[in-house]
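**Student:** Residue numbers (this note's numbering), protein chains in the order written: chain A, 1 to 332; chain B, 1 to 332; chain C, 1 to 302; chain D, 1 to 359; chain E, 1 to 359.
I should point out that these hints are in silico values taken from the structure, not numbers from a laboratory.
Idealized CB from N, CA, C, for every residue including glycine.
Some hints could be false.
Counterexamples of contact, computed for chain A against chain C with all Cβ distances above 12 Å [unchecked claim]:
#, residue
1, 129
2, 194
3, 210
4, 277
What follows is a list of derived Cβ distance ranges for each label pair [claimed, not checked]:
#, chain 1, residue 1, chain 2, residue 2, range
5, B, 163, C, 118, 42 to 48 Å
6, B, 163, D, 143, 31 to 37 Å
7, B, 163, E, 31, 45 to 51 Å
8, C, 105, B, 72, 51 to 57 Å
9, B, 169, D, 87, 55 to 61 Å
10, C, 105, B, 163, 55 to 61 Å
11, E, 150, D, 318, 53 to 59 Å
12, D, 150, B, 93, 52 to 58 Å
13, D, 99, B, 172, 22 to 28 Å
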Amino acid sequence: MPPAATRQLLTQLLTGRLPTGAGRWWSAPLAILLVGVLFVIAYFAIADEFPFDVGRDVGHRIDVWLDWLEDNLSPLFQAIKDVIVWFLISLEDMMLWLTWPAMIGAIALTSWLLVSFRMALFSASSLLLLATFGLWESTVETLALIIVTVTLSIMIAVPMGVWASQSDRLDAILRPILDGMQTMPSFVYLVPAIAFFSLGNTPAVLATLIYAVPPAVRLTNLGIRQLPAETLEAAESFGMTRNQMLLKVKIPLAIPTIMAGVNQTTLMALSMVVIASLVGAGGLGLDVNRALGRIEPGNGFLAGLGIVFVAIIIDRVTQALTRRQQAALGSD
Amino acid sequence: MPPAATRQLLTQLLTGRLPTGAGRWWSAPLAILLVGVLFVIAYFAIADEFPFDVGRDVGHRIDVWLDWLEDNLSPLFQAIKDVIVWFLISLEDMMLWLTWPAMIGAIALTSWLLVSFRMALFSASSLLLLATFGLWESTVETLALIIVTVTLSIMIAVPMGVWASQSDRLDAILRPILDGMQTMPSFVYLVPAIAFFSLGNTPAVLATLIYAVPPAVRLTNLGIRQLPAETLEAAESFGMTRNQMLLKVKIPLAIPTIMAGVNQTTLMALSMVVIASLVGAGGLGLDVNRALGRIEPGNGFLAGLGIVFVAIIIDRVTQALTRRQQAALGSD
Amino acid sequence: GGEEEKTTVVFSDLNWTSSEIQVRAAAYIVEHGLGYPTELVAGDTVSLFQGLINGDTQVTMEIWPAQQPWIDELEDPDTIALLGDSLDENWEGWVIPQYVKDANPGLVSVSDLPEYMDLFVTADSRGKARFIDCVPGWACEQVNGNKVVAYGLEDVLELVKPGSGAALFEDLESTYARGEAWLGYMWGPTKPTATLDLYRLEEPEWSEDCWNGDQGCAYPTSEVRIAVFHTLLEDAPDVVEFLRAWDFSADVQVQSEIWMSDNNASPDEAAIWYLKTYPDTWSAFVSSDVAEAVLEALAEES
Amino acid sequence: MTANGEPALSIQGLYKLFADDGSGLQMALEGLSKDVIQERTGAVVGLRDVNIEIVRGELFVVMGLSGCGKSTLVRCINRLIEPSVGQVWLNGREITAMREDELREARRNDLAMVFQHFGLMPHRNVLDNVALPLEVAGITKPARRERAATALELVGLGEWGGSMPNQLSGGMKQRVGLARGLAMETPVLLMDEPFSALDPVIRRDLQDELLALQEAVQKTIVFITHDLNEAVRVGDRIAIMRDGEIVQVGAPNDVVLNPADSFVREFTQDVRLHGMVTAASIMDSSEEALAGQTDDRYVVLEDAVLDELVPAGLSATQPLQVVNRAGALVGVIPLERLARAMVSDEAAVAATAEGEPAA
Amino acid sequence: MTANGEPALSIQGLYKLFADDGSGLQMALEGLSKDVIQERTGAVVGLRDVNIEIVRGELFVVMGLSGCGKSTLVRCINRLIEPSVGQVWLNGREITAMREDELREARRNDLAMVFQHFGLMPHRNVLDNVALPLEVAGITKPARRERAATALELVGLGEWGGSMPNQLSGGMKQRVGLARGLAMETPVLLMDEPFSALDPVIRRDLQDELLALQEAVQKTIVFITHDLNEAVRVGDRIAIMRDGEIVQVGAPNDVVLNPADSFVREFTQDVRLHGMVTAASIMDSSEEALAGQTDDRYVVLEDAVLDELVPAGLSATQPLQVVNRAGALVGVIPLERLARAMVSDEAAVAATAEGEPAA
Ligand SMILES: Nc1ncnc2c1ncn2[C@@H]1O[C@H](COP(=O)(O)OP(=O)(O)OP(=O)(O)O)[C@@H](O)[C@H]1O
Ligand SMILES: Nc1ncnc2c1ncn2[C@@H]1O[C@H](COP(=O)(O)OP(=O)(O)OP(=O)(O)O)[C@@H](O)[C@H]1O
Ligand SMILES: [Mg+2]
Ligand SMILES: [Mg+2]
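Only chain A is shown next, with the shape it has when bound in the complex (with noise of 0.2 Å):
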């Protein structure tokens, strides 16, 4: 077909490289057999429809073994619910048990302790205005939710790329996974996380974390991967086991493209809250999905910006106590 031998031509000449692969002696004749296949399946299809369909038995057989599934793993499930739970409910009812101006006074302070005087100022002021728009609740619920979902996923997600970074073979097998994990759409596992863990928070969680952890692990590996050769061979010639190279060296030395991505889990975690209020959690993103219900944007807006304010106040304390960590790994 002249549009594809074209192509060719055309990405040869806008590329002016040989194909890469070349190299092996197979994949030429390979490659052209695959064409053959492909154009041989066009010949005898009807050309622009595709010959024969099965999804949808594929997909019925994915429900039934979801069914299987549900029937018998319902014990651990129970069982990762009930930690999930377990912490949210601890942190909720300790935030509840302190009313709202200590707990703005305990946040602003925080900030003051941890980032600098003027992010006290803004977590101060954002909170109290969120207050004034009658979102105070919403937002110790957000914050409970989020507290638990970055703190999880910053658990998972560091170590996992630091792993990732020791091993290229591992490296090769994660990256699809974590494409996968933040390219399939959560409604699609949402639904089934209700049958297994009922409504209401414990599928949000997991649902934010399979979406917020793969930043933070690809950039972990990313900045361990980067660092100067010559630094670390001086580490390697002190005779460091591997975990001391991790933590006295490759971690301090990764940090500020672990803070990027430890950032971007933490925005993408609150990216999530609408999301995860369409399966029962609630807070600022169930405001949200409200005000939208009734097209009433102003008001999602408002919630939204509540979001975006409790975002900016856990990046903020987040990467401070990042950078604290480095300087304790840096110090002897």
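With chain A held as given, fit chains B, C, D and E with the ligands onto it using these hints.
**Tutor:** For chains B, C, D and E with the ligands alone, kept in the frame of chain A given last:
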């Protein structure tokens, strides 16, 4: 109030540090004042409920303002819409003019030329798989949408990141804006976007842009900022202009981190296709949405898998193009 | 019975206005009249349906005809029980703004569409008329598809799918506000259909045969129903009794929505407004002493 | 001053303080010591009141202890570091007052720099590294490639143009950096320890190359080195720095033979003097000594160096007679004095410094 | 060999090829030249058939042209680079056969390394940089801080413990790296150009420190330098490398006075010989020469160096008589021969190498 005092003590114990802002003379009294005001408010209010709520008023005012925008700026919105629609329609028409075997062949060939033979095999087989699932047309639609959005995103994000890396001021201004772009729930602006751009691909593309641009901006910025001072110093001594410095030194050296940003942008664009389908974009996102509307998680999963495959193909090709770009910039 | 023994009744808080109001109104009666603690769990249609069949929630006030297939597919049909109607006089159909109709008096029924399709062409509709379809996943999406074929409109209509009811409303309302042409699927009673002047295109009359055949005819009048999780039948028979009697009539529904919108009010306020404004309506669903108790509680609301 | 002409590069009252804020500068201007300033304010004195005039075609060597501010000095010349106070003039134009674009032009066309840390671009191969500044200066591709190749040839890396920097040894990297500086062909060249990582053979070759180049094109070079032999070999003048200050500037033998203070003396102790101690510098020119001399068999010229004097001394049995170019007797060198000069450079230096015979 | 004892470090048949695949190794084993292999396969020969035995307490110097493989050699000793072929033995244990954990132990306790590129950790201050390997070796915090502080004191940076590496000059960084290597107190120390960025004063101090340390604790040191004077000053033996091969190993004066070939001769040309040329190395010990000697006023010991011979020669009128410690006459040095040795180290060397008087 005892809890807050305890908290301060705790935080100081935990962090082992005095407030970082303590250097400025006015920070301590101002902080005391701040906390004081909070507690006075708390005293007069019922402690666990915020005294007033102006949220609905403010929200309503925003709605009114949005209406005003809609009435007065529609020619601008129309122009934006025309451009995006033109791009999308042309691309889709081109892809439709090609039949599926030619498309798959072309994509496989591109993967081969730019990435590797293994990647070509993956592209071909995953696309064939999607076709057997009856998702071919949706895949093409999603592909067109994503190619347009990712191209636009990178065209916006990389220069913006480069720009941010050149000015601390700009960086400081940009940071909360990017945080906002990433966390403001897209639902919030999707509905007004429908008012401005009607149902269809345009609001979808714009919402995706808002969400997908930030990571590439951030990582480009970070990548350029963390380059070794010694290399930059040498480049500076040649009398390079800002642009030469960027093109010949900073960007090529920052490519690994920029690539991570491009990867995140691609994946986030793809993670938006379901949300895009909420405002009328077609493709795999719509399939997911529909499957879930019918409570068929299996079919949703298949369409989701399609999104993942498209993500992997586009990501790998983009990465290869970026690397090639680096090679081109690196050589004389 | 002892107050402590009464189970908490969990309502599915679906995220659109009619449901939000009537859920709150019903919950208010269940709590203050019948003395059950109540709880609302928010989510979207699919999640909350899944939650209902899990027993995470016990009452869903609106089960739309679109959800009938989900119920049909249940392994155990007794998991949930469908009680009475919650919204009545529901219609579905294809509509255009009245001003379009006025400008084109000849556009009366779906069969006139090929002639007038140029009215609805836009940049991204590939030369066909832009038709805003029903929300993907709802039963009406399938039906609309069948109708297009049955009416021979494949080359006339470009189907644009709104991802949610809100998106559909917003597109209609903003287009209407601009005074441009709009063609698409709508249902009522809803706030847009109550506040905008729309014209419903004529279709062949509904019949059983047609509906089981190519569906080339008008929608039937649909029923929105109340569903409860099966345990509620035993745990709270008086609540079930009350829900069986419940009816949120079209007029009341639209009035409540309009009041809420005009007063920039929350659904909680709208529910109280409804209970205060239409005591006669809802008193009919409960015994007099229950109504008494509710009125007493209402008196304390500011 | 050994070279002639008006100043090509002139540094006037240059100060540089490394501090987060302006603290310490006042103290530095008032002349407090580096240690005191560092202790009181945390600021590090990089340069303090540096004044230098370098004429066109001069090869000006800067020496000093590690950390004394040599790199800071050359960085201030092309303003990679902004000086805190003071001026730098290049051919009558004040670099320190240049706008950004003027500075850029000056860096491209007038001021090349060779870095102590090499400063190679890890993403470019060796040839492209050398060609980079030429690319920046707008030289056409064939021309710059040829110039880069020539420069690589010059430093003995002609074959390595296609390698990446991380495939090179330390010394090879340094030579690439050197080639890059040379390829720029600017009138002024700032060289920060350009030969420190090189072995003596290559080093000697490159010193010769540099001298030949200097002979041919008369560049103005600021050359930092730790090797006094190298300094003496290549330098027209040598400046010795300590704690950011210049403690002595002079011709090589000036500095070596007339150290301004004990610091400079210690610093120059290791140099190989034999090529530098002249007959004039160790002769006895007192009346009595001159009076007794008649035997003119053992005559040497006054600018004969130690390496020439010793063979003469070995074959002599009486003091050597020192004459100037006109043939007039100007002094005598008793043999035991020659012997002392031999065994102890330092004694010889001391002797000269004190202006009287070594005891 | 100047030091005694069994070998502490032994290198046997070591080859290292830098290549993406195994190509070129066979060629290297077959003895094809570095250039040929690089041209044919793209592989760079780093080391080729290196065999060295270093005894306990020896300071073994490695010299050679830039890029000849010196850094590669020391990196292969502690296996920062895996050798392609060959073995390295440390006190009877084969390093090249060690498991990972054994190697780690060896690196902690036996093998310290000072890097040409310094290898400082940019995120740790100077003191913590020096203390890092001690931390790794499990030394308690107070102990390692004290040791680190002592080491910093030793290199003259006692005050800078709190600074970050990027605030230091090139030479200061190098000294931090040096302090780190010394603080490890391992029996074996690999030093890759540890003094190259230092000025002569500090360099001399540190050489003295190193020799004193060596006197006291008898480390086994592999020391890479480009400075032949330094090599001669500190080294017990010197190895000269070229293109990855060792072309000569021997005591300093051996190498200088008896260069194995013209390459080594050129390499050692610049050294300051006067402290190394002994009476024995330039005397005429032929029968005839000895026969004619009766005048015993001008007697020198056979191990007297040139700097001692010249004053004697200056006051003599006839050939110097060379005696051994027992007082027996072993040779004579005609004065003109002494003069020649003076003016031309090279001539002297050549003379000795040829085993006959300089013409
Ligand atoms: N990673 C590498 N990849 C390819 N070639 C390398 C690599 N490392 C070193 N080489 C080559 O090995 C040879 C020896 O390098 P090495 O660093 O050992 O030299 P050296 O003797 O230490 O030189 P210098 O005195 O300049 O530091 C050089 O030709 C160099 O190009
Ligand atoms: N960025 C900086 N921040 C703080 N202090 C600095 C900085 N750069 C240099 N210094 C200090 O300035 C002084 C002079 O440094 P400089 O690099 O000029 O020394 P140098 O003479 O080149 O030494 P070397 O011969 O070791 O390279 C040193 O004390 C150093 O610690
Ligand atoms: Mg320096
Ligand atoms: Mg080396």
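**Student:** Against this structure, judge whether each hint is valid.
**Tutor:** Hints, verified against the model:
Even its closest Cβ contact with chain C, about 19 Å, leaves residue 129 of chain A beyond 12 Å, as expected for a residue assigned away from the interface. Distance check on residue 194 of chain A: its Cβ comes as close as 4 Å (rounded) to a Cβ of chain C, failing to clear the 12 Å threshold; non-interface status is violated. The Cβ of residue 210 of chain A lies farther than 12 Å from every Cβ of chain C, with a closest approach of about 17 Å, so its non-interface assignment holds. Annotated as non-interface, residue 277 of chain A brings its C-beta within 12 Å of a C-beta of chain C; the closest such distance is 6 Å.
About 46 Å separates the C-beta atoms of residue 163 of chain B and residue 118 of chain C, a value consistent with the hinted range of 42 to 48 Å. The hinted range of 31 to 37 Å is satisfied by residue 163 of chain B and residue 143 of chain D, whose Cβ atoms lie roughly 33 Å apart. Checked against the given bound of 45 to 51 Å, the beta carbons of residue 163 of chain B and residue 31 of chain E, roughly 58 Å apart, lie outside it. Distance hint check for residue 105 of chain C and residue 72 of chain B: the Cβ-Cβ separation is about 33 Å, which falls outside the suggested range of 51 to 57 Å.
Taken as a hint, the range 55 to 61 Å is violated for the pair residue 169 of chain B and residue 87 of chain D, whose Cβ atoms sit roughly 30 Å apart. At about 57 Å, the beta-carbon gap between residue 105 of chain C and residue 163 of chain B stays in the expected band of 55 to 61 Å. Between residue 150 of chain E and residue 318 of chain D the CB atoms are about 57 Å apart, so this pair conforms to the stated range of 53 to 59 Å. At roughly 55 Å, the beta-carbon separation of residue 150 of chain D and residue 93 of chain B lies within the given 52 to 58 Å, and the hint holds.
The hinted range of 22 to 28 Å is satisfied by residue 99 of chain D and residue 172 of chain B, whose Cβ atoms lie roughly 27 Å apart.
Consistency with the previously given hints fails for numbers 2, 4, 7, 8, 9, ordered from lowest to highest.
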